[in-house]
Amino acid sequence: MVQEIKDSGVRGRGGAGFPSGIKWELVAREESAVKYVICNGDEGDPGAFMDRMLLESYPYRVIEGMLIAGYAVGASEGYFYIRAEYPLAVKRIRAALNNCREAGIIGPQIFGSSYSFDIHLYEGAGAFVCGEETALIKSIEGNRGFPTQRPPYPAVSGLWNAPTLVNNTETLALVSWIIRKGAKAFNRLGTEKSKGTKVFALAGKINRGGLIEVPMGITIREIVEEIGGGIANGNKFKAIQIGGPSGGCIPESLADTPIDFESMKELGAMMGSGGMVVLDDTDCMVDMARYFLSFTQKESCGKCTFCRIGTRRMLDILDRLCSGKGKPGDLPELETLAGWTQKGSLCGLGQTAPNPVLTTLRYFREEYEAHINGRCPTGKCADLITYSINDKCIGCTLCAQKCPVDAIEFRPHEQHEIDLEKCIKCDTCRLVCPVEAVIKD
Amino acid sequence: MIELTIDGKNLSVETTTTVMEAALQLGISIPSMCHNGDLPHFASCMICMVQEESSGKLFTSCTVKASEGMNIVTMNDEIREARKTALDLLLSDHVGDCEAPCTITCPAHMNIPEMNRLLAQGKFEDAYQVVIQDIALPSILGRICPAPCEGACRRGAVDEGISICFLKRYAGDFGAGTSAEDRVETDNNLSLQAAPAKGRVAIIGSGPYGLSAAWYLQLFGYQCIIFDRNPLPGGALRYSVPPELLPLEVLEQEIERIRQSGVTFKMNSEIDPAGIKQLEKDFDAVVYPLEKAPKMAIKSSALGKEAAWKIRQQLAGQPVVGERRMFNSRFGRLMESEAVEYLKESVAGNRIEPALGFAAGMTADEVIAEAARCLHCECRKPETCLLRMYADEYGAEQKRFQGPQRKPVTKQFQHETVVYEPQKCIKCGICVRITALYKEEFGLTFIGRGFDVVIGVPFSESLREGLTHTAEEAANACPTGALAMKGGRK
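Residue numbers (our numbering), protein chains in the order written: chain A, -2 to 438; chain B, 8 to 497.
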C-alpha cells in the first residue's frame, strides 16, 4: 500500500506538497509499539472550505483513507483534528465514527482480522497555527499550540513522542480512490511532478465562485475564464492570490502558467490549502498584502521573535503606506524584514507569512512606489484619495442630499463643493452624480 | 556516537547532543537567551541561529540535535545579520531603560539612582563613593553645576525633578569632611590605597579638567604632577567663579583631597612649547589643556575622566576608546498613565528645597527625604541582562523597527520578593518552564497570541499565587529585567 501511494505520486494537499508516499514510508519504517495517524482538519485559511466540504459531505471517504493509512504504516490509533468552528463537520464525523465502530469497521480486530484501529475526534479551539503539524500535536497533547523545531519530524517523534503520520483531510480523501483504482489511474492526471486533481476554493471578483476540483496543470486563465466565467462587472482581471495568507499574488500577465506545486513556488506563491482569490483592476495590491499579513500577524502564536515581532513590524510599514505616511526607505526595509521573517521563523506560518508582501512587491512594485508618493492608483486607500466636483456639475443637489456627513452644501443650480474636512470618502456622491462631475483622485 | 564538523573542526558526540552543546565541547559558545541549562529547550529568541554549510539553512542550535555528517558554521556575516535583526526586533518591543535618563544625560555618566538609594538609606559615605567614581569634584560641582540631569529626571513628568545637584553636593561635602584615616571601608570604596606607580603623567592646568584627570589617573595607579602657571590651583574654578557661589574653603577642601591622593602640584609653572617637549620626554604621558574649555564645569570634569581612561588604555597597550559605554535601551518620555507605575517605587511629595538656603545646602533629613523621591527608572539587571549584553555585542539598533506606538510600562509589585515588568519581557518562556518544572499550582503561562502575547499567571491570579516557591529561581533565570528580585540592587 505504501508503494501504491508512492507510485501514485500524490503529494500533501495541506500546502507544502510533501510526497505522501514518502511520509508514509518514513512512519512505516519506524519501529514502535505505538504509532498514530492524524487527519489534519484544522482548515484555517480565510475563504478556504474544501476540508469542511469533505468532512461534512464525505466523512466515510476520509475515515476509509485514515484506516488505509493506519494499516499501511502500522498504526493502531487515529485522531481527527477538526476546528471547533466547523460544528457540522464535527457532528457528522462523530456520527460516522460511531456508525463505523458499531459496524466493526473501526475498533478492535476489524472484521475479525488481527488488525485493530480506533479513531478519536479532537476539536481545535480556533488557532490558525494549529494547522501546523507540530503545533497540532502539542494541541492534542493538551498543551498550548506552539510549533516546535523540525527535525525531529512527527514521522519520527510526534504525538506523545510516537511516530505519527499527519495528513491533510484532502490527501486522506484521495487514498481510497488511489487504492481502488490504482496508482496509474491517479497519476495519469496532472503534471510531471504534481499528480492527480486539486480542489480549490475559487472566490473574489469572479462570476462563478465556489469549490472546484481540477486536474493539476490547468492554467490560471482557464480557471478564471472558463470555470469562473470571467471577471464580474466587466472589470479587468488583475491578479490572483493563490494559497491563502501563506500564498502569493500572481499577476494576470502570468495567468497562462499551469498550476502545480513547482510552478507556484517559482512564482513566489504556494499551493497552500487551495484558496484562490481573484482580484480585478479596482483592487489595491498594497491593501491586499496588508489584509493577508494582518491575518497571519494576528494568528502568529507568539513563540519566535521573527514571526511575533517581524510580521507586526511589516504590518506597521504597510499601515504606514496605506495611510500616506510611507517613507522612501520603507520598501527596502519591508523587503529585508520579509526576507528575515521567511528565513528566521520557526514554523511554516512565519516562513510563509511574507509571501503576499513579497509577491506583490515583485509584480506590483510601482503600486507600492505610488503609495510612498502619497497616491493609491486604485483609490482603495481612503487616506490617499480626495474628492472634488468639477464644472460639469449641473447643480442637481443629488450629492448634497445623499452625503451622510453633510460635507456638501445644498446649493440648487450652482456648482457644488465638497468640504474635505468633513468628507469621509464614502464614495456616495460619485456614485449618485448623473454627470460624472465628482472626481476621485 | 555522531561525527560532525563545526567551524571546520571535526568532533564526535553522543546521539542526543544538540548542536549548541556540541559546539560548546569545542569551546565555541553560541549566544542564546531562551535556553537555560537543564530546562526543556524552546527556540523562541532565535539568537542561537547557526548555519548548515551545504544547504545554507539557518536553524536554532539550542533545539536541533547533532546528526551524522553535519557541517555547521557558527559565525559569518549572514548569521551575524540574523542575530542582529532578531535583537533589533526584540528591542523594538522592549520598553525599558537600562540606565536612568539622568545618568545618560550627566556628562560624567554618574550613577545617580544608586547615589539616591544610598542617600535615602542614610548611607552617606557609600553615596560619596558612588559619586567620586564618576565625578572627581562633587562638592564644587554640587554648587556650580547647571544640572542637566535634573532636566532629564522622569520625576519631572510626575511633579518636579529630583534635586540631584544638592544631593550630590551633600554626598561630596560629607566625603570631604571625612579624613582618609577615618574613612570606613565600604563595598563601593574606590579607596585611596596607594597603588604601585605604573608610570608618571604630567598634566598641564589645574582647572576642573586637569584636576579630574589627575584624580582618576592617580586612582588607576599613575603618579600625576600638575603644572599650572597660576600661583594657586583650581584654574577657572578659583579665578572666574564668584566666591559667593563657590566658597573658597570648598575649593580648597576638594583640591586637598586630590593632593592627598598623591597628586603633586607645581604652581607658577608656565609651560611653553619647549617645556611641552621636555614633559613629553620626561613623562610616560602628558595631559594637554583643552583647546576650548566647555561652558559647563561638569563637562570639563567629565572630559578629564575620559582623558584619564584613554591614557590608562594607551599605556596598557589597549585600544584607546575611553570609558566603556554599554548599549542602552531607552524609550523616551513617560505617558501620563505611567507616572503611577513609577511612583510605586517611590514616595509622594514635591521637591524639597533647602530650608536654610542655598549657601547652607540641605540638612541630612532633607537629603534623606529628597533622595527617597527618586523613581529608580533604571533597570534592576543592567549588568546581567542578556538582551543588553548581546545588543551591545551585535551593535543592535533599537529604533530600526520602531512601531507607531510603544506599549505602556507597568510594574507589578504584589509579590513579596520579585518585581515583574511585562514590557521588558522577551517571551522566552524560561519562567514558564521553571514554574512547570517545580510544579507550581498556578505558575506562569503564555496568555494571548502573536505580538500581544504576555506572560502571566493563569486565571488572572496574582503573581503571589503564580510564584509560591519559584520566585527567586525564576527572577534569577530571567534573561532581562522583566522579572527581578526586589532587593536585587545594591
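One or more hints might be untrue.
Stated by the list, open to error - Distance ranges between label pairs, derived from CB positions:
#1 A:Pro401 with B:Glu400: 55 to 63 Å
#2 B:Pro153 with A:Ser291: 45 to 53 Å
#3 A:Ser291 with B:Ser62: 28 to 36 Å
#4 B:Glu400 with A:Pro84: 50 to 58 Å
#5 B:Gly63 with A:Met(-2): 30 to 38 Å
#6 A:Tyr112 with B:Lys414: 29 to 37 Å
#7 A:Asp438 with B:Lys406: 33 to 41 Å
#8 B:Gln320 with A:Pro325: 51 to 59 Å
Said to hold, decoys possible - Below 25 Å or equal to it, Euclidean Cα-Cα: the simulated PhoX-like pairs (lysine-lysine) are:
#9 B:Lys64 with A:Lys262
#10 A:Lys340 with A:Lys389
#11 A:Lys389 with A:Lys399
#12 A:Lys135 with A:Lys340
#13 A:Lys233 with A:Lys3
#14 B:Lys317 with B:Lys302
#15 A:Lys135 with B:Lys302
#16 A:Lys340 with B:Lys306
#17 A:Lys399 with A:Lys419
#18 B:Lys406 with A:Lys324
#19 A:Lys422 with A:Lys322
#20 B:Lys273 with B:Lys284
#21 A:Lys377 with A:Lys233
#22 A:Lys295 with B:Lys288
#23 A:Lys324 with B:Lys351
#24 B:Lys72 with A:Lys295
#25 B:Lys302 with B:Lys284
#26 A:Lys135 with B:Lys446
#27 A:Lys340 with B:Lys317
#28 B:Lys273 with B:Lys288
#29 B:Lys317 with A:Lys322
#30 A:Lys322 with A:Lys135
#31 A:Lys135 with A:Lys295
#32 B:Lys91 with A:Lys340
#33 B:Lys446 with A:Lys324
#34 A:Lys340 with B:Lys406
#35 B:Lys317 with B:Lys205
#36 B:Lys91 with B:Lys64
#37 A:Lys322 with B:Lys299
#38 A:Lys377 with A:Lys399
It should be emphasised that the hints constitute simulated quantities derived from the structure, not laboratory data. Note that beta-carbon positions come from the ideal geometry of N, C-alpha and C, so glycine has one too.
Here's how the hints hold up against the structure:
1. Separation of A:Pro401 from B:Glu400 is about 57 Å and conforms to the stated range, judged on CB atoms against 55 to 63 Å.
2. Checked against the hint of 45 to 53 Å, the C-beta distance between B:Pro153 and A:Ser291 comes to roughly 49 Å, which is consistent with it.
3. For A:Ser291 and B:Ser62, the hinted distance range of 28 to 36 Å is satisfied, since their beta carbons lie about 32 Å from each other.
4. Taking the beta carbon of each, B:Glu400 and A:Pro84 are about 52 Å apart, inside 50 to 58 Å as hinted.
5. Take B:Gly63 and A:Met(-2): their Cβ atoms lie about 37 Å apart, and the range 30 to 38 Å holds.
6. Checked against the given bound of 29 to 37 Å, the beta carbons of A:Tyr112 and B:Lys414, roughly 56 Å apart, lie outside it.
7. Against the hinted window of 33 to 41 Å, the Cβ-Cβ separation of A:Asp438 and B:Lys406 comes to about 35 Å, which satisfies the hint.
8. For B:Gln320 paired with A:Pro325, a C-beta distance near 41 Å fails the hint of 51 to 59 Å.
9. Taking the CA atoms of B:Lys64 and A:Lys262, the gap is about 18 Å. The hint holds against a cut of 25 Å.
10. Between A:Lys340 and A:Lys389, the direct Cα distance comes to roughly 55 Å. Violation of the 25 Å bound is thereby established for this hinted pair.
11. A distance of roughly 19 Å separates the Cα atoms of A:Lys389 and A:Lys399; the hinted pair therefore holds under the 25 Å criterion.
12. As the CA atoms of A:Lys135 and A:Lys340 are separated by approximately 23 Å, the hinted pair is consistent with the 25 Å bound.
13. For the hint linking A:Lys233 to A:Lys3, the alpha-carbon distance of about 42 Å lies beyond 25 Å, and the restraint is violated.
14. Using a Cα cut-off of 25 Å, the hinted pair B:Lys317 and B:Lys302 holds, with the two alpha carbons roughly 22 Å apart.
15. Of the pairs offered as hints, the one joining A:Lys135 and B:Lys302 is violated, with about 64 Å between alpha carbons and a cut-off of 25 Å exceeded.
16. Our distance criterion of 25 Å between C-alpha atoms is broken by A:Lys340 and B:Lys306, whose separation comes to about 47 Å.
17. As the CA atoms of A:Lys399 and A:Lys419 are separated by approximately 14 Å, the hinted pair is consistent with the 25 Å bound.
18. The straight-line distance between the Cα atoms of B:Lys406 and A:Lys324 is roughly 15 Å, inside the 25 Å bound, and the hint therefore holds.
19. In summary, the hint linking A:Lys422 to A:Lys322 is supported, as the alpha carbons are separated by about 18 Å, within the 25 Å threshold.
20. Only pairs whose Cα atoms come within 25 Å are accepted, and B:Lys273 paired with B:Lys284 is accepted, the gap being roughly 17 Å.
21. Between the alpha carbons of A:Lys377 and A:Lys233 the distance comes to roughly 16 Å, so the proposed pair stays at or under 25 Å and holds.
22. Under the criterion of a C-alpha separation no larger than 25 Å, the hint pairing A:Lys295 with B:Lys288 is inconsistent with the structure, at around 69 Å.
23. A threshold of 25 Å between alpha carbons decides the hint, and for A:Lys324 with B:Lys351 the separation of about 40 Å lies outside it, so the pair is violated.
24. At roughly 31 Å between alpha-carbon atoms, B:Lys72 and A:Lys295 are farther apart than 25 Å, so this suggested pair is violated.
25. Simply put, B:Lys302 and B:Lys284 have alpha-carbon atoms about 29 Å apart, too far for the 25 Å limit, and the pair is violated.
26. The straight-line distance between the Cα atoms of A:Lys135 and B:Lys446 is roughly 19 Å, inside the 25 Å bound, and the hint therefore holds.
27. Note on A:Lys340 and B:Lys317: the hinted pairing is violated, with a Cα-Cα distance of about 42 Å set against a maximum of 25 Å.
28. Taking the CA atoms of B:Lys273 and B:Lys288, the gap is near 17 Å; set against the 25 Å cutoff, the hint holds.
29. About 45 Å separates the Cα atoms of B:Lys317 and A:Lys322, which puts this hinted pair outside 25 Å; it is violated.
30. Note on A:Lys322 and A:Lys135: the hinted pairing is violated, with a Cα-Cα distance of about 41 Å set against a maximum of 25 Å.
31. Under the criterion of a C-alpha separation no larger than 25 Å, the hint pairing A:Lys135 with A:Lys295 is consistent with the structure, at around 20 Å.
32. For the given pair, B:Lys91 sits about 14 Å from A:Lys340 by alpha-carbon distance, which is consistent with the 25 Å threshold.
33. At most 25 Å may separate the alpha-carbon atoms for a hinted pair to count; B:Lys446 and A:Lys324 exceed this at roughly 50 Å.
34. As the CA atoms of A:Lys340 and B:Lys406 are separated by approximately 22 Å, the hinted pair is consistent with the 25 Å bound.
35. About 15 Å separates the Cα atoms of B:Lys317 and B:Lys205, which keeps this hinted pair within 25 Å; it holds.
36. Note on B:Lys91 and B:Lys64: the hinted pairing holds, with a Cα-Cα distance of about 17 Å set against a maximum of 25 Å.
37. For the proposed pair A:Lys322 and B:Lys299, the alpha carbon gap of about 44 Å is over 25 Å, so the pair is violated.
38. At most 25 Å may separate the alpha-carbon atoms for a hinted pair to count; A:Lys377 and A:Lys399 meet this at roughly 21 Å.
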